[in-house]
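Visitor: The primary structure of each chain is shown beneath.
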Amino acid sequence: MSAPVLDLDLVPPLGEPRPQPVPEVATTTLPSGLTVVVVPRPGVPLVELRLRVPFAATSPRGAAQHTARASVLSGAVLLGTNRHDATGIAELLQGHGAELSVAADPDRLLFSTTLLSEGLAPVLGVLAEVLTRAAYPTDRVDAERDRVAERIAIARSQPGVIARTALAARRYGTHPYAAQLPSPELVGRVGAAALRRLHRERVLPAGSTLVLVGDLDTAAATDAVAAALGEWTGEGTAAVAPPAPTLAAGHLEVVDRPGAVQSNIRLGGPAPGRTDPDLPAVRLASMVFGGYFSSRLVENIRERRGYSYSPRSAVDHLAAASSFLVEADVATEVTGPAFLETWAELGRMALAPVTDAELDAARRYVLGSMALSTATHAGLAGTLSALAGSGLSAEWLAEHQRALAEVTVEQVQEAARRYLAPATLTGVVVGDAERVTDALRALGPVDVTASAAATAPEPA
Amino acid sequence: MTTAGADLTVRHPVERFSLDNGLRVVLAPDRSVPVVAVTVFYDVGMRNEPEGRTGFAHLFEHVMFQGSAHVPKMEHARLVQAAGGTFNGSTHQDYTNYYEALPAEALERALFLEADRMAAPAITAENLRNQIDVVKEEIRVNVLNRPYGAFPWLQLPQLAFESFANTHDGYGSFVDLESSTVADATDFFSRYYAPGNAVLCIGGDLDVGETERLVRRWFGPVEARDVPPTPYTGEPSPTQVRSGVVEDRLAPAPAVALGWRVPDPVGDLDTYLGTVLLAELLSEGDASRLERRLVHDDRLAVAQSSYVGLFGDPFDVRDATLLTTQVHHPAAVPVADVLAAVHDEIGRVAAEGVEPEELTRVQARTSAQLLRQADSVLGRTLGFAAAELVHGRAELAGELAARLAAVTPDQVQAAAKGLDPGTAAVLELRATGGAR
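Order-wise, the sequence lines are chains B and F. Residue 461 is where the first sequence ends in my numbering, and the numbering goes up by one at each step. Residue 559 is where the second sequence ends in my numbering, and the numbering goes up by one at each step.
Hint data in this document are derived by calculation from the structure and do not stem from the laboratory. None of the hints are false.
To give an idea of the interface, some chain F residues facing chain B are shown, with a C-beta separation under 10 angstroms as derived from the structure:
no. : residue
1   : V158
2   : S191
3   : H193
4   : Q254
5   : W341
6   : E481
7   : D498
8   : G556
Just so it is clear, CB atoms sit at the ideal spot from N, CA and C, and this is done for glycine as well.
Could you build all of it, start to finish, from the sequences and the hints given here?
Guide: What follows is the structure, given as structure tokens:
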């Protein structure tokens, strides 16, 4: 067949956009300092619950140990209270369709679950019991610690994890964010007493936010939270990370993974935070570059050259630092050319104009995908919980949408020159150093290091 | 107290009609959010591939995004995304699907795009070559460059089944992928992508009458072709243990997977539902039997999971399929100890049955998960389409939570009796990379 030509007369035009329903968000603060956010949404008879407790390491010196303790605490907190053992807690939750998961990252502890809406009060009761009466039974904690060490050893064998931790170490230097994944040895030294103390000192209501979205009544749900979590008190405020430094980009780092059939290219640099007026333009610049399928990077290294399955870029927010990130996993034999094309597309973003069509498409996509992702209970709950971590309310969503609508081509150009220029980005490539380093050296200085996974001793 | 079964039915009405070319159409209106989902399921999956063409169903899925009669390369993505929508496709054992989730005002555009490639995708040598390269990178990132990448979903079926359809690698060998030709792709399209071999399902903010008119406008002109019969993929049940070992030089620790043949998901759905709940009872959460025994009490495992259906969805597969139990354990724990504990726990369910209270809790959890999937317009629409294609009834997707809530302890006990240690397929993964 002959090559198709797009006949725009044939493509059905878009109808008038229908207005997005505005979520009805009720925010209250309990005497303990806990912020409670309730969003009633009919539909399926479910509620999504997210409790975010700021849990950052507060100093560089203690960061590695804090990360190790947090990784064990997030499992051990569910191992029992002075009223129920681990199975008892799980059974109480399961009867209401719930299963509490606890996750730690560089900013926070996050308790989350889905539950059948009839179970709100009893599930809040179990949550309160875990927050105020977690027992950290010594023998169970020891077993959990050993399991966490094994799981971290497995995680550190994943090339994506190796790349992420190497890039963070390089970008954040001595800031706590540099320690993304604790070493198995430090995890091996975590004991029950340290967890009890950490819980007492750091799992605090002041500064924390509980988000409930779903089939519920605002006043009744807020009352239920106040009744269930009234006993959760504590001195002080949950801790956030200190400001992160902006380090110079430095040399490209190749992390050696002998025999790897693929190289994991990662680039990262600073980006504006959620309240920075530059953010909308940078988000749109990132979209045009590699933020979605209709982007320059995907067209180049996937659809034209077949180097990579899912090359991508994104703007990512931590509480104390926002990032512009580029990722591409490519075959070992094309690592040099794929890096060159990625580099060249970044340079083109910084120096050559973006078209009106590119900007309009990116804008509609960002607005549309925001609407899709906040259309579910889980998506809205996750978004509101993340915003709370930056001290922002649901109103930020509407303001950000308005700001995105007003960004001009010139603003995208300026943002790309400042934040997407290759010289501003720190680079890491995880791959077979013997086969990829020479080609990468053609583009600039390269430091080769051994994989952290390769040097880590076997866990106990 | 848990929600009564009758309240768990997803209450979205379903409408259906067919076109003269054989296309089956399901509409599931829900006007609560201004979003629509459009999906086309073709009744061809990895199990339909001929020998020498492993991975072809998935490769062809990629080719379907390379343009069509009136849509140049890259434009499919641009037209969806510039309308504020998202898109993707996926290849499963028994079907290949394509889908978009978009603002409601972009519905007709999505119908135009799906109809255009159902009529005439751009199957060219250049597009095929490019997508062979992309698929090889996909396999590298998901399988070859990743510890546990093929475990157990690509490796266990080779032990558990007999026929080529059920045992071959659906991602494909590089040799088969490299030798694929435009003629292969044209034949595959002609045979399996006929409108009569597909289900179109549209969910969300739509008007039924207007949507039917738009469907007829865009899909009506697609030419009818013969539809191949649905191949029989069932197999006789095994009568003995089959064991195997794979080596993984990237993995830092060993693992083991057990697979048991389960009842026919379509022909014997009621018995199958007992098996689905058994998998949940065994492995979902800290209250589950295997989590307590393997992870907490005996400390034999780092992680465990059990599930029905190799791709993790028990309701989108035909016969034959497996209940798989997968355990990651420390190197110091002998695999025999893990196997003995798994068989012992299942044996207890088979011998002693299940208390109604325990089963009720498991059912509450299962209902919540099904409702959660149904909360998104896209998730619900995909569920309706899979049920229409595999079970012949889209409505089943909305009824599953209630059907599972009605399963009795006896059904779960019967399911456990079916997991005979003497008929399991057992695959050990050994970590052979050493401390590189």
